[in-house]
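Chains V and C, in that order, are what the protein sequence lines are. Reminder that position 81 of the first sequence reads as 81 in the numbering used here, one-by-one numbering, no gaps. Reminder that position 394 of the second sequence reads as 394 in the numbering used here, one-by-one numbering, no gaps.
If you are wondering where the hints come from, they were derived from the structure by calculation, not from laboratory data. Mixed in with the good hints there might be a few duds.
A pair holds if it fits inside one copy or across any two, identical chains being indistinguishable in the list.
Stated by the list, open to error - 20 Å max Cα-Cα, derived PhoX-like pairs, lysine-lysine:
1. Lys36 / Lys338
2. Lys2 / Lys326
3. Lys152 / Lys32
4. Lys335 / Lys36
5. Lys37 / Lys72
6. Lys326 / Lys421
7. Lys261 / Lys37
8. Lys36 / Lys326
9. Lys326 / Lys197
10. Lys414 / Lys338
11. Lys389 / Lys51
12. Lys421 / Lys389
13. Lys360 / Lys73
14. Lys27 / Lys2
15. Lys389 / Lys273
There are 2 protein chains.
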Amino acid sequence: MKKNINIALVGLGQIGIYLYNEIYIKKSEIEKKTGKKIKIVAISAKNKNKKRKFKINKNIFFSNPFNIFKEKKIDILIESIGLSDGISKKIIETALRNKIHVITPNKALISKHGDKLSQLAEINRVNLEFEASVAGGIPIIRTIKESFATNKITKIYGILNGTCNYIMTEMERTKDSFRNVLKKAQNLGYAELSNPKLDLNGYDALAKIKILSSLAFNKKISKSKCLMEGIENIDYADIKIADQLNFRIKLLGITEIIDNKIFERVHPCLVKKDSYIGNVNGVMNAVILNGTPIGESVLQGEGAGPGPTSSALMSDLLSILRGNIKYPFGISQKKRIKPKVFNKDLSSNSLYFRLEVKDKPGVLSSITKLFANYKISIQRLIQIPDNKKKTASIIIITHEANEANSLKCLSIFKKNKDVIKTPVLIRLFD
Amino acid sequence: MKKNINIALVGLGQIGIYLYNEIYIKKSEIEKKTGKKIKIVAISAKNKNKKRKFKINKNIFFSNPFNIFKEKKIDILIESIGLSDGISKKIIETALRNKIHVITPNKALISKHGDKLSQLAEINRVNLEFEASVAGGIPIIRTIKESFATNKITKIYGILNGTCNYIMTEMERTKDSFRNVLKKAQNLGYAELSNPKLDLNGYDALAKIKILSSLAFNKKISKSKCLMEGIENIDYADIKIADQLNFRIKLLGITEIIDNKIFERVHPCLVKKDSYIGNVNGVMNAVILNGTPIGESVLQGEGAGPGPTSSALMSDLLSILRGNIKYPFGISQKKRIKPKVFNKDLSSNSLYFRLEVKDKPGVLSSITKLFANYKISIQRLIQIPDNKKKTASIIIITHEANEANSLKCLSIFKKNKDVIKTPVLIRLFD
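If we strip away everything but chain V, and leave its shape as in the complex, we get (with noise of 0.2 Å):
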């Protein structure tokens, strides 16, 4: 590589402008490190004249990025739009397409286009990188494919999503409903003011569950339909209720091999107290990975916000000034095969109902016939009686129960007329 190198920047939203700051004002300490001179020679955005917490050179802006190909001469593009599709997908191809070098946090992208990006960044033999786009502040893509590239790995877990996590912790503390809780998060920047709903409904972990699959597995990206559950539904009754068995609601995102199937899902778990998992508390992420020889390895740090992103994108930065040409996902993408996927429905956890019932004779048996009948055996039952409006709370912790059978009893549930309210299900973790 040669010692000057190019940088253009596309997308100068919080992460884009803190980086191009980042860059600035760290000029010399990576050419200490890496023998490399680094410019930033172009830089776009949708609003050139936007306010920005730093300012920029508006002598490299362009108001259209794809003319940057054509006017400049650059070795590595940095993409920081965020969409799946689209402008991020066009520009990221456009470059690699050029032999430049890709660098990007964008996981919606990623978890998508992977697999195509991939192929197209080894044809064009430049890096693709995208440390950024899972849990800004752990170094978990590295870690997988350089740290721990030799061993087996058979399980990742873990909390990806900071603004779902602040939300349950938040609750938890202040004992206030998920709406106000969403509303506080909104107002601190930990949640998106026009859309949050791809952080709560659980798209936004499992984007990053299937880029991790891919790379611990050594497989194509997953296209199938996965067990996506979000934190929407959770009320703080919930939340008090699993207090008092000893347990934390946490999202959590999961993927594993069974029977040499990937099995890959996101859904609120309610975890024991006491367990590491249930103690990263806030916007703290955190990732659990069993392999051989390493055995269990956990990794936490902040999730999100300019700062960590844009320690993870230099460090692709770095990566790249550093190094050879490597495959994006560890492996060249001819022996990526595509996944196996385990069958949800066959899978089994323990699991918590809470069902609002009215108070009357005969409900209650009902209730535990037809977990009777789905072959769900109860491991607790509490009854919370309302004298006042005649409704009780029944909670109900069963053994492992079959997936499919506990959503068939679920839908029942919700058909039943002297069930008031939405029935709740949240699976237990170990």
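Got chain V; can you put chain C on it based on the hints?
Frame of chain V; chain C shown alone:
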């Protein structure tokens, strides 16, 4: 780098032989990930015919490892003898001078001679890799050098010695004495049979802290005499009292920047039971790092044992096979300056004292007077009399106190005739 890579492995103890087997069984996976065909062409150890866990190829065995350089063309040498000097140092120097890449898990050697060896590697344009020298299962060295490369790191601390952590955990669990639990640790292979001293007295953890320090702060390895205390004098009584006060005792290694100076130390600490570090138990290791913009980052994993250590050695191997020549400590040797060292006498900590005293009038007042003279203010005092023996245990928790004054108090207590056992001082850690 050419396609066929020849490896020599010197030292076939617990770790060497495990790695020998790993390389053998993972050859094709390594080729898949790096495009290189590797072959072990030479091995050496003290005893050719010793019974080992895996069979060795005696045709490639060298009784004198230095003959390997004469008779074989090798590209990578892996040193797994483990001495801080002597043959370990000589073989690594010879390899580097012959432009052969070196991999070693040898923390004693790297913490002592890392600077000179790093220079030798740089001059000869080969790699010197030592990921396995600190906390085998935790990829902390690569994480600092690569993932957090542009962060300003201000503090690293952690549990870096699995033997000590196992002993502390077992003493709490079984309510047994240090001596008995040490024996158990030796029987399980967690502590060395012949000479466990280097683990127990803090030397091992301090060697690791010195390596991490120099990487994190981009300085040469500090040669100064550091605050180093081990766990040999901790009694079950301390663990019990700590438990009652909601603490656990952990041997921590700590390095941080204070007033632009490095402050490195290893000593037992009282840590809160509900803190993260207070719950890293058994043989587990953990490293906590504070940096900007990364924030707080936590890595946890198995600290030692042939499995995790091999995993780290293999990551070094893949790094060499995949990459360019890299600076062993992340930056050029010329740019690593000598660290300025913080005067430990100026540091301050809250303290735990346990004094076994004669139960007679005036003893307590002479103790509290001494503290007052040294400007150490008492936060909490517990006196537990033993009426039969006419003795008492006095437990004192102080507010933040100056280190030099604290040690002076301790030495005066040691000479006091009313203090009937060696007094115990443990620093509190926030």
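For each hint, the structure was consulted:
1. Neither within a single protomer nor between protomers do lysine 36 and lysine 338 lie at most 20 Å apart by alpha-carbon distance, with minima of 38 Å and 24 Å respectively.
2. Taking the shortest alpha-carbon separations for lysine 2 and lysine 326, both the intra-copy value of 17 Å and the inter-copy value of 16 Å come in at or below 20 Å.
3. When the C-alpha separation of lysine 152 and lysine 32 is checked against a cutoff of 20 Å, the pair qualifies only between copies, where the shortest distance is 14 Å, while the shortest distance within a copy is 36 Å.
4. Proximity of lysine 335 to lysine 36 under the C-alpha cut-off of 20 Å is restricted to the inter-copy arrangement: shortest distance 15 Å between copies versus 33 Å within a copy.
5. Within a single copy, lysine 37 and lysine 72 get their C-alpha atoms as close as 17 Å, which meets the 20 Å cut-off; across copies the closest is 40 Å, which misses it.
6. Within a single copy, lysine 326 and lysine 421 get their C-alpha atoms no closer than 53 Å, and across copies no closer than 62 Å, so neither meets the 20 Å cut-off.
7. For a Cα distance limit of 20 Å, the shortest separation of lysine 261 from lysine 37 qualifies neither inside one copy, at 46 Å, nor across copies, at 29 Å.
8. For a Cα distance limit of 20 Å, the shortest separation of lysine 36 from lysine 326 qualifies both inside one copy, at 18 Å, and across copies, at 13 Å.
9. In this homomeric assembly, lysine 326 and lysine 197 never come within 20 Å of each other (Cα to Cα): the closest approach is 35 Å inside a single copy and 44 Å across copies.
10. Taking the shortest Cα distances, lysine 414 and lysine 338 never come within 20 Å of each other, neither inside one copy (37 Å) nor across copies (69 Å).
11. Neither within a single protomer nor between protomers do lysine 389 and lysine 51 lie at most 20 Å apart by alpha-carbon distance, with minima of 54 Å and 76 Å respectively.
12. For the homomeric pair lysine 421 and lysine 389, the shortest alpha-carbon distance inside one copy (13 Å) is at most 20 Å, but the shortest distance between copies (67 Å) is not.
13. Taking the shortest Cα distances, lysine 360 and lysine 73 never come within 20 Å of each other, neither inside one copy (77 Å) nor across copies (86 Å).
14. Taking the shortest Cα distances, lysine 27 and lysine 2 sit within 20 Å of each other inside one copy (16 Å), while across copies they are farther apart (33 Å).
15. Taking CA atoms no more than 20 Å apart as the test, lysine 389 paired with lysine 273 passes in neither setting, with 32 Å inside one copy and 43 Å between copies.
Of the numbered hints given earlier, the model fails hints 1, 6, 7, 9, 10, 11, 13 and 15; all others are met.
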